[in-house]
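Number of protein chains: 2
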Amino acid sequence: MDRLIDAIAATQNPSVVGLDPTEALVPPQVVAEFADEIEQEVDDPQERPAARLAVAYFEFNRAIIDAVADVVPAVKPQIAMYEALGPAGVDAYTMTCEYAASQGLYVIGDIKRGDIGSTAAAYAGHLSGVGGEPPFDPWHEDAVTVNPYLGTDGITPFVEAAEAADKDIFALVRTSNPSSSEIQELELADGGRVYEHVADLVEGWGAATVGDRGYSRVGAVVGATHPQEGAALRRRMPHTFFLVPGYGAQGGTARDVAGMFDADGSGAIVNSSRGIIGAWKRTGRYSESMSGDEALALVADAARDAAIAMRDDLRAVMP
Amino acid sequence: MDRLIDAIAATQNPSVVGLDPTEALVPPQVVAEFADEIEQEVDDPQERPAARLAVAYFEFNRAIIDAVADVVPAVKPQIAMYEALGPAGVDAYTMTCEYAASQGLYVIGDIKRGDIGSTAAAYAGHLSGVGGEPPFDPWHEDAVTVNPYLGTDGITPFVEAAEAADKDIFALVRTSNPSSSEIQELELADGGRVYEHVADLVEGWGAATVGDRGYSRVGAVVGATHPQEGAALRRRMPHTFFLVPGYGAQGGTARDVAGMFDADGSGAIVNSSRGIIGAWKRTGRYSESMSGDEALALVADAARDAAIAMRDDLRAVMP
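Protein chains in written order, with numbering that gives the first Met the number 0: chain A, 0 to 318; chain B, 0 to 318.
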């Protein structure tokens with residue numbers, strides 16, 4: 000986790016921009032601009048709406064990345080948004096990761112993968128790359144999120160790949176959504192809750208990979224919507240770095256996440272997606288008569304302002 | 000789940016072939032055959048090994064699909080194996096799903112996705128397709144596997160998409176891997192185990208979608224390596240169809256899965272991957288001097304024989 004922690008220190012900003020585009024978040028003129036190009040390149044008319052969106056998502060992301068690259072240490076593209084468009088969307092995802100990395104950002108691939116032994120090893124290709132020396136890296140992620148429900152043998156391949164490639168993973172522990180309580184909060188016969196048991200597993204999975212900054216390569220996803228639990232987990236998992244979703248649009252505030260940092264103000268990075276990439280919608284400066292370039296300039300300006308506001312909001316509560 | 004159950008009835012065979020190719024499972028001459036084509040099409044030499052494998056995986060799968068299409072009702076491609084190759088692999092995955100569907104097979108996309116509300120809705124695009132009327136379906140899956148760790152609001156979007164598109168999902172309940180016990184078997188304060196609580200959630204998630212054959216659109220993944228638990232879950236989840244991995248290479252036998260069928264011999268479909276697609280390695284008939292076509296013919300023959308043997312093995316224990 001040292002690379003991420005150093006990037007946070009360099010920007011003095013423990014926040015990450017979630018690159019989770021949807022059709023509603025991308026100005027329509029940006030999508031329309033690619034209509035001619037896609038009509039020439041994609042034979043099947045039925046495929047064209049998804050292809051147009053995929054190209055538009057990348058241009059949208061590029062504008063945001065350019066606008067925030069000196070403000071934030073990291074971005075977190077959510078692969079689901081891209082998978083929704085099929086393989087053209089997956090291409091836009093990898094292009095986004097590659098471009099963000101080229102601009103010096105640490106890239107957290109929010110893929111929430113999880114499977115058993117040999118299959119988990121295949122998923123770990125997201126981190127290790129494939130073939131050759133050096134391996135070919137098609138995904139361009141510095142870290143990925145993983146699902147712990149299958150236990151240790153589903154996680155070990157990711158830890159090994161992370162160690163070999165100087166990368167990291169974040170395992171779901173306590174997610175930010177309302178129904179997360181249904182399984183994660185179940186009370187266990189020997190005391191404690193399911194998520195606390197998972198927390199102990201996660202701390203153990205990382206134990207052999209603690210870096211110079213005191214945190215292991217196995218981080219935890221802990222939602223901003225659970226401030227007390229988050230603060231308790233901070234104490235319970237002293238070598239586990241937190242990725243904290245749920246700030247902003249989902250209701251979490253800077254005060255809610257304050258307890259997830261350690262005494263030195265390290266230990267966590269807070270994500271905001273819609274609050275940053277959809278900030279242009281709240282400016283009152285958007286107009287349908289804008290060109291695609293003008294709309295993207297507004298997206299970029301608003302994202303930069305929102306990222307700076309989030310940084311300052313977090314700084315105000317940091318220890 | 001009616002479409003799958005009808006397909007099982009038509010073939011009198013409750014088994015599914017796992018299309019989980021790896022470099023070790025594809026005869027090397029099949030991969031080598033595409034070297035010239037890939038060299039011309041892919042500019043970056045570093046990308047070529049993955050591109051060659053991706054094309055070879057599709058040809059390998061097509062040979063197997065052709066050989067088993069009249070023997071089995073369904074195939075289950077494991078997307079991790081394709082993601083390991085990057086976007087070229089994802090293309091091979093969708094091409095595999097499309098080809099299998101064109102040959103009349105029910106396609107279970109083993110993607111184990113799971114996320115919260117709006118993100119789960121994006122993943123549900125695997126089932127609903129994207130845009131337009133009719134929507135564009137880039138994935139060509141009839142069902143997908145999902146991870147339940149995030150609770151109801153992570154599953155509802157999949158159930159809604161399944162209902163709208165006449166498709167199905169299978170939620171992980173009790174996986175076949177050794178470490179599955181670490182979280183799934185935890186004993187709860189109010190009695191029972193975590194996986195039993197998840198089982199009750201899964202039965203509930205499907206309740207409003209029970210079809211003509213008595214099973215809902217929300218199936219459960221229950222590993223063949225847990226025969227007693229599987230039989231108990233069969234009684235506990237009367238409207239939940241089971242997808243049973245772990246037969247064959249992972250150690251599960253026909254006797255182990257017998258209890259997962261209902262009194263009519265319905266209620267479950269059993270997966271084998273390496274046992275079918277890697278059967279050519281156990282024939283003693285492979286030689287390095289074979290051409291690519293000869294090697295694929297052996298792959299196909301051996302897969303067909305293995306699929307028939309598995310069918311007969313299962314039939315012998317069916318109620």
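Incorrect hints may have been included.
To be verified - Here are some chain B residues pointing at chain A (derived, C-beta under 7 Å):
id, residue
1, 41
2, 44
3, 48
4, 79
5, 94
6, 115
7, 137
8, 150
9, 252
10, 253
11, 257
12, 258
13, 261
14, 262
15, 265
Think of the hints as simulated: they come from the structure by calculation, not from any bench.
Computed from a prediction, not measured in an experiment: that's the story for all the values here.
By construction, the Cβ of each residue, glycine as well, lies at the ideal position given by its N, Cα and C atoms.
Taking the hints in turn, this is what the structure says about them:
| no. | hint | in the structure |
| --- | --- | --- |
| 1 | 41 | 11 Å, violated |
| 2 | 44 | 9 Å, violated |
| 3 | 48 | 4 Å, holds |
| 4 | 79 | 4 Å, holds |
| 5 | 94 | 9 Å, violated |
| 6 | 115 | 4 Å, holds |
| 7 | 137 | 2 Å, holds |
| 8 | 150 | 3 Å, holds |
| 9 | 252 | 19 Å, violated |
| 10 | 253 | 21 Å, violated |
| 11 | 257 | 23 Å, violated |
| 12 | 258 | 22 Å, violated |
| 13 | 261 | 26 Å, violated |
| 14 | 262 | 30 Å, violated |
| 15 | 265 | 26 Å, violated |
Hints 1, 2, 5, 9, 10, 11, 12, 13, 14 and 15, counting from the list given before, are not met by this structure.
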